[in-house]
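Undergrad: Sequence:
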Amino acid sequence: MVWTDINFLPQILGILCIFVILGDCNEEYDISGHHGQGCHPNLFECVSGECLDLKYHCDGIEQCKDKSDEENCDFFNCIGPNWFKCKTGRCIKQTFLCDGNDDCNDFSDENNCPDIYEHFMEVSDCPPSKFKCVKDGSCIPENWACDGHANCIDGSDEVEGCMGKVHCNGNIFCNNTHHCIEKDFLCDGVDDCGDGEDERNCFNNVALNDCTIENHKFQCKDKSHCIDLDKVCDHTPDCFDLSDENGKCYDINQCVLAKCPNNCSLTPTGPVCFCPYGSKLVGENCIDIDECLEFGKCDQHCLNIKNGYNCFCEPGYELASDGHTCIVEDGEGLLLFTTQNQIFGFTLKSETYFPISHVNRAIGVAYDGQYVYWTNTVNTIVRSLKNGSDLTVVVDSGLLLPEDLAIDLITKNIYFTDSIQQHIGVCSNDGFSCTILHNKDIDKPRGICLQIKEGLMYWTDWGARPLIARSGMDGSDVTDFVTTNLDWPNGITIDYGNDRLYWVDAKQLVIESIKLDGSDRRMVLDKAALKHPFSVAVFEDSLYWSDLEGNEIQACNKFTGKNVRSIVRQTKNLIYGIHVYHDSIKHSHSLENPCKYAGCTDMCLLAPVSRPLRYTCACPEDKFLAANGHQCNSGKRFPSIMVGIGNTLIQVEPKKLGKMRFHEHVLSEVEKIGALAYDELTGNIIISDSAAKKFFSVDLNTGYSTHLLSGDIGKVEGIDVDPLGHNMYWVDSERLTVEIISLKSLERTVLLRDFGGDSPVDIALAPNKGFMFIALSGPRGTHIDRFYMNGHNRVHLVDSDLIGPAINLAYNKYADKLFWVDSGSGLIERGDIDGLERYSFIKSYNTPKLLTTLENGIFWVSYGIPTLEYANIFEENPALKEIALNAKIGSDYLRITAVKDRIAAASHRCQTNNGGCSHFCLIIPNDNVCGCPNGLSLQTDGLTCEKPMQCSTRQFHCKTGECIPDSLRCDYKNDCPEGDDELHCAHYSIQCPKGQFSCLNGEKCVDDQEKCNGHAVCYDGSDEHNCHLLNMSCYQGNFKCRSGECIPSRFKCDGSQDCNDASDENGCEKVTCGSNEFRCINGGCIPSSWECDGEFDCKDGSDEANSKCESKKTCSPSSFRCDNGGCVESILRCNGADDCGDSSDESVCSSQYFNNDDDFDNLNTDIAGHIIDDSVTLEVIHNCKEKSEFKCESQPEKCLPIEAKCNGTSECLRGEDETNCSGCSNDEFECVENKRCILREWICDNTNDCIDNSDEDPFMCKYHNKTLLTKLKGKINDSI
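According to mature numbering (1 follows the signal peptide of the UniProt record, and there is no 0), the residues represented by the sequence shown are -25 to -1, 1 to 1255, in order.
Simulated from the structure, these hints should not be mistaken for lab results.
Each residue gets a CB set at the ideal place from its N, CA and C atoms; glycine is no exception.
Where hints are given, some of them may not hold.
Here are the simulated PhoX-like cross-link-like pairs (lysine-lysine), alpha carbons at most 20 Å apart as the crow flies [claimed, not checked]:
hint : residue 1 : residue 2
1    : K490      : K272
2    : K192      : K206
3    : K62       : K42
4    : K647      : K668
5    : K690      : K824
6    : K192      : K223
7    : K428      : K571
8    : K60       : K324
9    : K387      : K428
10   : K979      : K948
11   : K419      : K482
12   : K598      : K631
13   : K719      : K669
14   : K255      : K234
15   : K561      : K387
16   : K669      : K690
17   : K281      : K255
18   : K824      : K856
19   : K863      : K824
20   : K690      : K668
21   : K206      : K223
22   : K647      : K598
23   : K1160     : K1180
24   : K223      : K196
25   : K482      : K506
26   : K788      : K875
27   : K631      : K875
28   : K428      : K490
29   : K324      : K62
30   : K502      : K537
31   : K818      : K856
32   : K647      : K824
33   : K105      : K547
34   : K631      : K788
35   : K272      : K537
Have a look at the derived ranges for each label pair, beta carbon to beta carbon [claimed, not checked]:
hint : residue 1 : residue 2 : range
36   : N901      : V453      : 44 to 54 Å
37   : S585      : E304      : 29 to 39 Å
38   : C1090     : G731      : 52 to 62 Å
39   : G298      : N238      : 35 to 45 Å
40   : C960      : E709      : 14 to 24 Å
When you get a sec, could you build the whole thing from the sequences and use the hints?
TA: If you want it as structure tokens, here you go:
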């Protein structure tokens, strides 16, 4: 976000540029005049050309013809409404007033604020690293307390904050400024305490190191002070200890005997020879001293002359009056720094303090005289103009944690470090071309700086092998520059005029420097003044650094480390990167741009001066350099994202490193893009036209569209392409189908049609695995199923916690994961393709609709928002990023697909002779099978499709020509492509027993209480039809609960709560049964005809447990009489199921229920499951076999085959054969190999739900189905 109040900033920075900052202004800010170079620097130049004395500038009288001398004077005079002048003289932005931060450095901006304490009372206690101010409770960094400057508004940090805090450990304590200085700083001629305390009572303020004979000085014996040599032996004591007099002072013959070559001076210890200034005595000769070898003698450059030296400066600087320091000729330095949420500017001389831009966790910052650049933790590199406008993301791809950056002022290339990617990179100024220079032996790179004139760059690495490294700016000549005595080297900078490299070490707490030739390494500052140094910069004779622990920027002398001072402090925000700029820096890099005529097609980088050419051509990550060394040729094509809206495709090209590109394709043949997919074999985009009901293939290179298919197309929800078999799959929610079209022959077929009342809403393919995934939504909820790509082997993959109704799928082969977005929850999830693991991946703030994936990225679009969002799929908590798309979408939504790498044509056997198939080559796991178009049937060779002549008498003839087994007729599944095998099936319906409801499609019987309960049990949803009628009354024979549901009347007052509100058990003491009813012992009423009918209708069984039943009930010869008096068919005897209700039909049974396995296989059943051949014999054996059988504890005589143990069905009376089986619940079955839990209803349903096929084990299913069929037979016979 750009700083909101920016109208004044062009004026502010323009004036700063003109008067105090820059000698070379950008015209963007140069609105106050001063365009030309005709006036003396001490004069004001009008825009109209006149030159005025500076005193006339902003004096209230218009002197220039164009009145430019009176423009922007609010800033020049630092007056409101935009500016505020502090008592210290500092000029700050008006918005800094009463913000809780001491921006003036004297709290004058925080005085007289009505809510001043509200800024500080946010916390009740301060952390250990903070000091709590007494009056307002604000927290300041601990090192601010007792530092000689009041940082609390009540000054308590300089009173209470000093109690017992300062321990100088033998050094000197400054009483007024509350800090320690080294002993050697006492009486050294430099004010180190800040108030002159260390230089008071010093008789001769000369540094001890300078008190030498060569300097014509004499050191008193007690070292109290230093005196001039001509004051020694002058009969007047100047030393307190009188060590400058007496002794051999007055023997003038001593100098004659000394035979000095130049000068001789008498001292108490004897004569001393000395030479003129600038020379020293070597033997018997005076030799010139090279003062330029002395560290810090000159600020920039030094020229040794006889008996002296001269300092001189770089272009753009001038020598100060002290003859040592170089200062800029015009203006002053601009300090830029970043905090957690802003970038600020601060002029170093006039102390003008202003914001530049609001940011999101900026770290590094740089400035090239036109644009401010910064890195941030949102993984981008951004730039803006100096006033915060023209905000542009320069690099938005391939960054994980860009920390520091540096700008090549010649080529404008951007160099940066990335500590997570572990590389040093460079990008062109627009970000479209980027390359990695170093990624070997890089661990944790942080700071970076450039020696542009020499074509060199330096960087710090604080990883396992901490070092400072150097290479050419083109990546050549890599060398370890500093490798010893380093721990956490952070910020790094170059003093160009002095040819020295400076760095900070955050662990050793030091600032050091070294000459650029690798010699003369020196300590500048150590632990006494540092807490956590992060970034560093140098300007004129001062060194600047940010301190994370102290929330401030400090400065000191760059040679001696003296004059430590605070420049800027932030009460609440950490200060990260800093950068100092002045136009004079450009002069230090004055070099004709060798890239201007180099002829590099993509990137041109400066090369070291040691190279024959001063430039090197380089290529971005998706290209390679040709043999001529100048041209970049296209290499591997990087994936992109294709977004569709209306009849337009927008191709978004993410890069491994750099800035995304956008390409627009308008499709004149398409009315409205409905769904998108990418053909990896041809490189074309497949489009469904939702308005025209057509499919097109679009060549991205030519933009040409080819018509693929039209007719018999409903609402296409999703499409995907199998590049191996070269088939396109799509789901049609209107036709309720999954269909295929061969992209080679353009023939189509229906792969799947019936989904049991569900509607397919999306599809995703995993050709490398042979799987397809289909999302389904219907009355019974939303779920995701997995199939082989020929439509077989259905597995329920995800069937819980999906809201829907829209589910969009994407498979990523690199992660081997399925991703999906649930429009109902706004959640993006991922899971294994076997359904064993599921993770919530991303919760979007928008309403995501569609998604797709690339190698390591997931991309999605949301309803009504013209934005593409994305994240890294391999990160645990990925940062979400957005790409704004220039698209007007209204209430519609974008379509999306991924454009990936093309595959080789011969990468699969389906690509060679179509896998031997005459029509469709379909991928399945580790193999392929053949398929046929509509109307053709696969022949016995499994390869050839032909139109059948006629169907056999045991087959049904579909209207599209296929023959299917007659047993598939009216099986509640559409087996014919057009579903005509399920038409006219009324005669297949079954009669339901009392208390149950028949689904309209004749599919099954459901309990009456399941009707109109808000949850569809019938596949056709008929149990939820016409429910508004039931709101008025219940069917005859039912009881209407007060909570709305209907239950069988016999459940009224049966001692069990059947209504949700228990109203069926209210007032039961007054209930009496009718004359034609039987009253159960628990109070329930049932028809009298149900008494002693062999079936327990009372919940307490009292209708079958009385003397009347004993005499009344006789069983037929083909039936078995239960102990409770009931009769069951003999076939149900010893079948493993409690058909009697008292388990008497299962007592004294053998485990060998059938003579052999074929006995069950030979049972004949009709379509409803009726057993029509019951010629099965039973063998009764009373003993259980220890190893092969399981004994029911509740029925001692009952033996079960060992396979019945934990098979998902309770065969023992008390279910002990299903105890201690797994971690699955009682209504679930545990798969054998992967221990997955599935519903018991999924056992033996001809679907491999377990993945390991253990739920479809043949032996288990035979036993399991025997139980189900015999139970079904008993129920159906009762209803006939």
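Undergrad: Run every hint past the structure and note whether it holds.
TA: Here is how each hint holds up against the structure:
Distance restraint check for K490 and K272: the Cα-Cα separation of roughly 15 Å lies within the 20 Å cut-off, and the hinted pair is therefore satisfied. Using a Cα cut-off of 20 Å, the hinted pair K192 and K206 holds, with the two alpha carbons roughly 9 Å apart. The suggested pairing of K62 with K42 is violated, with an alpha-carbon distance near 31 Å, which exceeds 20 Å. The suggested pairing of K647 with K668 holds, with an alpha-carbon distance near 10 Å, which does not exceed 20 Å.
With a C-alpha separation of about 17 Å, the suggested pair K690 and K824 falls inside the 20 Å cut-off, and the hint holds. For a cut-off of 20 Å, the pair hint linking K192 to K223 stands: about 18 Å separates their Cα positions. At roughly 16 Å between alpha-carbon atoms, K428 and K571 fall within 20 Å of each other, so this suggested pair holds. For the given pair, K60 sits about 15 Å from K324 by alpha-carbon distance, which is consistent with the 20 Å threshold.
A threshold of 20 Å between alpha carbons decides the hint, and for K387 with K428 the separation of about 14 Å falls inside it, so the pair holds. For the suggested pair K979 and K948, the alpha carbons sit about 13 Å apart, so the restraint of at most 20 Å is met. Proximity of K419 to K482 is assessed by CA-CA distance (about 15 Å); at most 20 Å being required, the pair is judged to hold. Restraint check for K598 and K631: the C-alpha separation of about 12 Å stays at or below 20 Å, so the hint holds.
With a C-alpha separation of about 17 Å, the suggested pair K719 and K669 falls inside the 20 Å cut-off, and the hint holds. Taking the CA atoms of K255 and K234, the gap is near 16 Å; set against the 20 Å cutoff, the hint holds. Of the pairs offered as hints, the one joining K561 and K387 holds, with about 12 Å between alpha carbons and a cut-off of 20 Å not exceeded. For the hint linking K669 to K690, the alpha-carbon distance of about 11 Å falls within 20 Å, and the restraint holds.
About 12 Å separates the Cα atoms of K281 and K255, which keeps this hinted pair within 20 Å; it holds. Proximity of K824 to K856 is assessed by CA-CA distance (about 17 Å); at most 20 Å being required, the pair is judged to hold. Using a Cα cut-off of 20 Å, the hinted pair K863 and K824 holds, with the two alpha carbons roughly 17 Å apart. At roughly 8 Å between alpha-carbon atoms, K690 and K668 fall within 20 Å of each other, so this suggested pair holds.
This hinted pair checks out: K206 and K223 have alpha carbons roughly 15 Å apart, not beyond 20 Å. Using a Cα cut-off of 20 Å, the hinted pair K647 and K598 is violated, with the two alpha carbons roughly 35 Å apart. Pair hint K1160 plus K1180 holds up; C-alpha atoms about 14 Å apart against a cutoff of 20 Å. Restraint check for K223 and K196: satisfied, since their Cα atoms lie roughly 15 Å apart, inside the 20 Å limit.
Between K482 and K506, the direct Cα distance comes to roughly 9 Å. Compliance with the 20 Å bound is thereby established for this hinted pair. Taking the CA atoms of K788 and K875, the gap is about 12 Å. The hint holds against a cut of 20 Å. Of the pairs offered as hints, the one joining K631 and K875 holds, with about 14 Å between alpha carbons and a cut-off of 20 Å not exceeded. At most 20 Å may separate the alpha-carbon atoms for a hinted pair to count; K428 and K490 meet this at roughly 16 Å.
Using a Cα cut-off of 20 Å, the hinted pair K324 and K62 holds, with the two alpha carbons roughly 16 Å apart. Annotation: proposed proximity of K502 to K537 holds, straight-line Cα distance about 14 Å (limit 20 Å). Restraint check: the Cα-Cα separation between K818 and K856 comes to about 13 Å, which is no more than 20 Å; the hinted pair holds. As the CA atoms of K647 and K824 are separated by approximately 17 Å, the hinted pair is consistent with the 20 Å bound.
Restraint check for K105 and K547: the C-alpha separation of about 11 Å stays at or below 20 Å, so the hint holds. Distance restraint check for K631 and K788: the Cα-Cα separation of roughly 19 Å lies within the 20 Å cut-off, and the hinted pair is therefore satisfied. This hinted pair checks out: K272 and K537 have alpha carbons roughly 15 Å apart, not beyond 20 Å. At roughly 48 Å, the beta-carbon separation of N901 and V453 lies within the given 44 to 54 Å, and the hint holds.
Evaluation of the 29 to 39 Å hint for S585 and E304 yields a pass: the beta carbon distance comes to about 32 Å. A beta carbon spacing of about 40 Å between C1090 and G731 contradicts the range 52 to 62 Å that was offered as a hint. Roughly 25 Å separates the CB atoms of G298 and N238, a value that falls outside the hinted 35 to 45 Å. Against the hinted window of 14 to 24 Å, the Cβ-Cβ separation of C960 and E709 comes to about 23 Å, which satisfies the hint.
Checked against the numbered hints given earlier, this structure breaks hints 3, 22, 38 and 39; the rest are met.
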